[in-house]
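Chemist: So for the first sequence, numbering that gives the first Met the number 0 puts the first residue at 0; every next one is plus one.
These are calculated hints, taken from the structure and not from any lab test.
Simulated DEER-style distance windows between Cβ atoms:
no., residue 1, residue 2, range
1, 273, 117, 40 to 46 angstroms
2, 319, 78, 44 to 50 angstroms
3, 103, 220, 44 to 50 angstroms
4, 176, 285, 39 to 45 angstroms
5, 176, 302, 46 to 52 angstroms
6, 11, 206, 24 to 30 angstroms
7, 220, 319, 23 to 29 angstroms
8, 210, 241, 23 to 29 angstroms
9, 289, 54, 26 to 32 angstroms
10, 33, 337, 53 to 59 angstroms
11, 94, 285, 54 to 60 angstroms
Every residue gets a Cβ at the ideal spot worked out from N, C-alpha and C, and that includes glycine.
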Amino acid sequence: MSVRTRFAPSPTGYLHVGGARTALFNYLFARKHGGSFVLRVEDTDEARNTQEARDAIFSGMKWLGLEWDEGEGKGGDFGPYNQSERRENYDRWFEVLRAKGRVYEDEGAWRFRFERKPVTMQDLVCGEVTIDYRDESNTPDMVIRRSDGSYVFHFVNVVDDLEMQISHVIRGEDHLMNTPKHLQLFEALGAPAPHYAHIPLILNPNGSKMSKRDLGAAIGDYPKQGFIAEAVVNFIALLGWSPKSEDEIFTLEELVERFSLEAVNRSPARFDPEKCAWVNQQHLLKLAPDAFAEAAKPFVAQAGLPVDGGYPAVAALVREKVRLLSEVPSAIGFLLVDAFDFDPEAVEKVKGNAAAKGLLAALADDFAGLSEWSVDAAKHQIGETAKAAGAKAGQLMFPVRVALSGKSGGPDLGDILGLLGREKCVARLKRFLESL
RNA sequence: GACCCGUUCGUCUAACGGUUAGGACUCCAGAUUUUCAUUCUGGCAAUAGGGGUUCGAUUCCCCUACGGGUUGCCA
Numbered sequence: 000m001s002v003r004t005r006f007a008p009s010p011t012g013y014l015h016v017g018g019a020r021t022a023l024f025n026y027l028f029a030r031k032h033g034g035s036f037v038l039r040v041e042d043t044d045e046a047r048n049t050q051e052a053r054d055a056i057f058s059g060m061k062w063l064g065l066e067w068d069e070g071e072g073k074g075g076d077f078g079p080y081n082q083s084e085r086r087e088n089y090d091r092w093f094e095v096l097r098a099k100g101r102v103y104e105d106e107g108a109w110r111f112r113f114e115r116k117p118v119t120m121q122d123l124v125c126g127e128v129t130i131d132y133r134d135e136s137n138t139p140d141m142v143i144r145r146s147d148g149s150y151v152f153h154f155v156n157v158v159d160d161l162e163m164q165i166s167h168v169i170r171g172e173d174h175l176m177n178t179p180k181h182l183q184l185f186e187a188l189g190a191p192a193p194h195y196a197h198i199p200l201i202l203n204p205n206g207s208k209m210s211k212r213d214l215g216a217a218i219g220d221y222p223k224q225g226f227i228a229e230a231v232v233n234f235i236a237l238l239g240w241s242p243k244s245e246d247e248i249f250t251l252e253e254l255v256e257r258f259s260l261e262a263v264n265r266s267p268a269r270f271d272p273e274k275c276a277w278v279n280q281q282h283l284l285k286l287a288p289d290a291f292a293e294a295a296k297p298f299v300a301q302a303g304l305p306v307d308g309g310y311p312a313v314a315a316l317v318r319e320k321v322r323l324l325s326e327v328p329s330a331i332g333f334l335l336v337d338a339f340d341f342d343p344e345a346v347e348k349v350k351g352n353a354a355a356k357g358l359l360a361a362l363a364d365d366f367a368g369l370s371e372w373s374v375d376a377a378k379h380q381i382g383e384t385a386k387a388a389g390a391k392a393g394q395l396m397f398p399v400r401v402a403l404s405g406k407s408g409g410p411d412l413g414d415i416l417g418l419l420g421r422e423k424c425v426a427r428l429k430r431f432l433e434s435l
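Full structure from sequences and hints, please.
Modeler: Quick look at the structure:
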């Protein structure tokens, strides 16, 4: 029996980080075992479905690189892949239940009659779990067909998993208590049930349930915030799953190779934006300079900075210095245009150095008087100017950095001197001195 | 309330029943970088509490506490 997994979101909101991780684990498991990954849209709640939400799901999954084998835009032998188009399947299986006497009408709706017995499931993550259906107050017969003739989630979900020959259902732990219901349905339908694996939920940093509006909740926000897809995939994989080694940075392919349901945790994990940013930095470090410049381009352009000509080389200077692509514009803006802001904190640090002003003034003159301008000559001059005043080069380098860039961090000072050239360096040193 | 799942540094996590309880993020301190970042070294920091079982429990069992989930003609 071949492995077939599915991600079955309902298009009623944005693609959520929890949903993305569910999709990821289904994807990893299918790829790992050479199986198929199905994308099925559970759009049975007409009142809440939106096209916008459908698009967010598709674009979010594509951005993450979670390519599906069957479903929207791919076709497949088990379609249609929208539940709204599968009505006849549900009617047909509903008749099976009716013929078996397993449903009864209740105020126009139809309820499924549970067998009153303990139901045990073998969950691939949670282990053996038993729910006692002899306790009717806790497990009332469930409505599977509404009075308006439409079918509810439990029923359509089971019918589709059955018809689509899904072998493994990997879903959030919020579905754990639903599983015995689904098991009963499979049994009544006379079909074998798939294997189930319930993965722990993702919580906010403070431990509360992560919902739509929370920080980091919507996958669509990640690219805007400067994250790259491989980093997000890497980070959410680490939430509730362990590679069982001390490695942490993985590509999607490496995750496929290493993934196993046995290594999935049972306890919920909190989302840590700090570590997510660090993982992003690690993936940024793996990018080639040109690829990094290209990835950061939209952010730089959006900041109103020129991205033609020398931009790629300038961007590459800060590849090792940012955690998020969104930090690039402020890191290199001073190299692309002459107008830039000064970081008050950095300026204060310079002001706190009593000797800085005199050193900078001397350096401006010495730069201007240099017979020949080059990066090496300029760097050498910084040392000479400092030495002449009885200071170390290090004491002067920070003030120079602030004078030229407006802040304490950024590209290598030598790179800055070279790119700016003598004229701009002198002008900026003087302008900075006047502002002190 | 009832039912179900869970509980190792602040966070993510590792540890055939035998480890000085390991790693990572954050933070702090050093080294390297004549600057910034990277990198490296070191430091702070955990088995929720109580009972068992065992020669020995983070690990197995029970109770309590706490957290989460479910309890819909939502999915």
